[in-house]
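Participant: Residue 26 in numbering that gives the first Met the number 0 sits at position 27 of the sequence shown, and the numbers go up by one each step.
Hint data in this document are derived by calculation from the structure and do not stem from the laboratory.
Positions of the beta carbon are idealized from the N, C-alpha and C atoms, including for glycine.
Don't take each hint at face value.
Per label pair, the in silico range of CB-to-CB distance [what the hints assert, rightly or not]:
#1 His84 / Asp47: 26 to 32 Å
#2 Ala85 / Glu54: 27 to 33 Å
#3 Pro74 / Lys103: 15 to 21 Å
#4 Tyr40 / Gly110: 23 to 29 Å
#5 Gly56 / Ala85: 27 to 33 Å
#6 Ala85 / Tyr40: 14 to 20 Å
#7 Ile63 / Thr95: 17 to 23 Å
#8 Ser64 / Leu100: 15 to 21 Å
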Amino acid sequence: MLARYLPIALTLALGAAPLAAQSAEPVMLAACSADALCGSYVRAVEDDGRYLILEDGTRWEVEISDRATTGSWVPDDFVNLSLIHAPRGDYDYLLTRVGDLEQKAAARLAGRGAGPGAQE
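Assemble the whole structure, with the sequences as input and the hints as a guide.
Facilitator: Written as structure tokens, this is what we have:
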């Protein structure tokens with residue numbers, strides 16, 4: 000179990016690498032592998048689950064069939080971020096809410112920075 004949370008502790012200790020919005024390069028946090036990109040807390044959920052803003056300022060657009068799921072997510076939910084090996088169109092990341100009930104949603108990077116409804 001410690002091994003599961005070690006990359007998160009290393010990320011917090013080392014700081015996150017800068018992220019470029021709309022980049023073709025995969026989003027990577029320091030001390031995380033390409034298959035398991037670690038996790039982050041949700042800062043805001045916008046447009047009934049269409050957009051998620053994470054604590055690092057990244058904005059993610061959720062694939063339409065998963066928006067009912069992410070519409071129930073709330074700030075301070077913890078999500079893991081990983082690559083989808085068989086992406087749905089250009090939704091090539093998987094956000095997995097960790098907790099009593101694990102929920103998954105396909106997403107794509109939609110930018111960086113808070114949107115109009117996000118709380119600072």
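Participant: Against each hint, give a clear statement of whether it holds in the structure.
Facilitator: Hint by hint, here is what the structure shows:
A beta carbon spacing of about 28 Å between histidine 84 and aspartate 47 agrees with the range 26 to 32 Å that was offered as a hint. At about 28 Å, the CB distance of alanine 85 to glutamate 54 agrees with the hint of 27 to 33 Å. Separation of proline 74 from lysine 103 is about 19 Å and conforms to the stated range, judged on CB atoms against 15 to 21 Å. Against the hinted window of 23 to 29 Å, the Cβ-Cβ separation of tyrosine 40 and glycine 110 comes to about 18 Å, which falls outside the hint.
The supplied range of 27 to 33 Å is met by glycine 56 and alanine 85, whose beta-carbon atoms lie about 28 Å from each other. Our hint of 14 to 20 Å for alanine 85 and tyrosine 40 is violated, since their Cβ atoms are close to 27 Å apart. For isoleucine 63 and threonine 95, the Cβ-Cβ distance of about 18 Å falls inside the hinted range of 17 to 23 Å, so the restraint holds. The beta-carbon spacing between serine 64 and leucine 100, approximately 18 Å, falls within the hinted interval of 15 to 21 Å.
The structure does not agree with the numbered hints 4 and 6 stated previously, though it agrees with the rest.
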